[in-house]
Amino acid sequence: GESVGLHLPTLSVQEGDNSIINCAYSNSASDYFIWYKQESGKGPQFIIDIRSNMDKRQGQRVTVLLNKTVKHLSLQIAATQPGDSAVYFCARGYNQGGKLIFGQGTELSVKP
Amino acid sequence: EPEVTQTPSHQVTQMGQEVILRCVPISNHLYFYWYRQILGQKVEFLVSFYNNEISEKSEIFDDQFSVERPDGSNFTLKIRSTKLEDSAMYFCASKGRGAAFFGQGTRLTVV
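Protein sequences, first through last, are from chains A and B. All the letters of the first sequence, read from the start, carry residue numbers 1 to 112 under this note's numbering. All the letters of the second sequence, read from the start, carry residue numbers 1 to 111 under this note's numbering.
Calculated from the structure, these hints are not laboratory results. You may find that some hints are simply not true.
[Said to hold, decoys possible] With a straight-line cut-off of 25 Å between C-alpha atoms, the simulated SDA-like cross-links for lysine to any residue are: (1) B:K42 to A:G16; (2) B:K42 to A:T10; (3) A:K42 to B:N28; (4) A:K42 to A:E15; (5) B:K57 to A:N27; (6) B:K42 to A:S26; (7) A:K71 to A:K42; (8) A:K42 to B:T76; (9) B:K42 to A:G97; (10) A:K56 to A:D31; (11) B:K42 to A:I48; (12) B:K57 to B:G16.
[Stated by the list, open to error] Negatives, chain A to chain B, calculated, CB over 10 Å: (13) L11; (14) Q45; (15) K71; (16) A78; (17) S85; (18) Q96; (19) L100; (20) I101; (21) Q104; (22) K111.
Since the model is a prediction, treat every value here as computed from it, not as a measurement. Every residue, glycine too, gets a C-beta built ideally from N, C-alpha and C.
Can you build the whole structure from these sequences, using the hints too?
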C-alpha cells in the first residue's frame, strides 16, 4: 500500500549545526516529493520539493536528496536556527492535481 | 504573498450538529483540497476538487462530508452530523502549477 514513513520522531540539534531529517517510502510510483514544516498551531508550510526524476535540489539553507534505489528522501538544513524548530513532514504526490500522502513527521528541536 | 485563508480558526460544536468550514484558496489556483490532522498525528487527505467537481476522496470522506465552491472563490467543507471522532484540525489547501499551499487550519472540537 501507499505509505511514507520517517526514521525518527524527534531530532535535537545545537544552533548552528546542520540538521538531517530522513524519510522512507514504500511505493515507487510517485511524481514528486515535498517537505513541509509545521509550527505549533499552524498549517503545513512548503519548504522544498523534488521531482522523482531528480536526485538533488537545493534551496535557501535547505537541500533535498532523493535516493530512488533505497527509496529514501532526506532534508538537510544548514546552520540550523531556533526558528527552524518545528515538525517536518515529507509527502509524496502523484500527478499535477493529485493528493499528497504525508509521513508521520519529525519534531526538530534546536538548542541555543 | 498570496495565502490560503480559513475561517473560523476554532469551532466548537455539539455532537450531531452540522458544521461548515470555510476556505478562500489562492486566487489563480485550480486544485483544491481538504485535509485533516488529529492531534499529534500526520496530515490525512480527505478530498480533492477540480473543475467544480470532486476528483478524489478518501475513505474518511463518507456521506456525512460534502464540499462546495459556491461562488468561485470560497471553498467549503460541510460535516452534516458531527461525531466525537471528527475532532481534529482541518486544513484547506490549493495548488496551481507548483506545490500545494495550506491554510492555517480550523480546529474543530466536537463535544
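Out of the numbered hints, which ones does the structure contradict?
Per hint list: 1, 7, 14, 18, 19, 20 and 21 violated.
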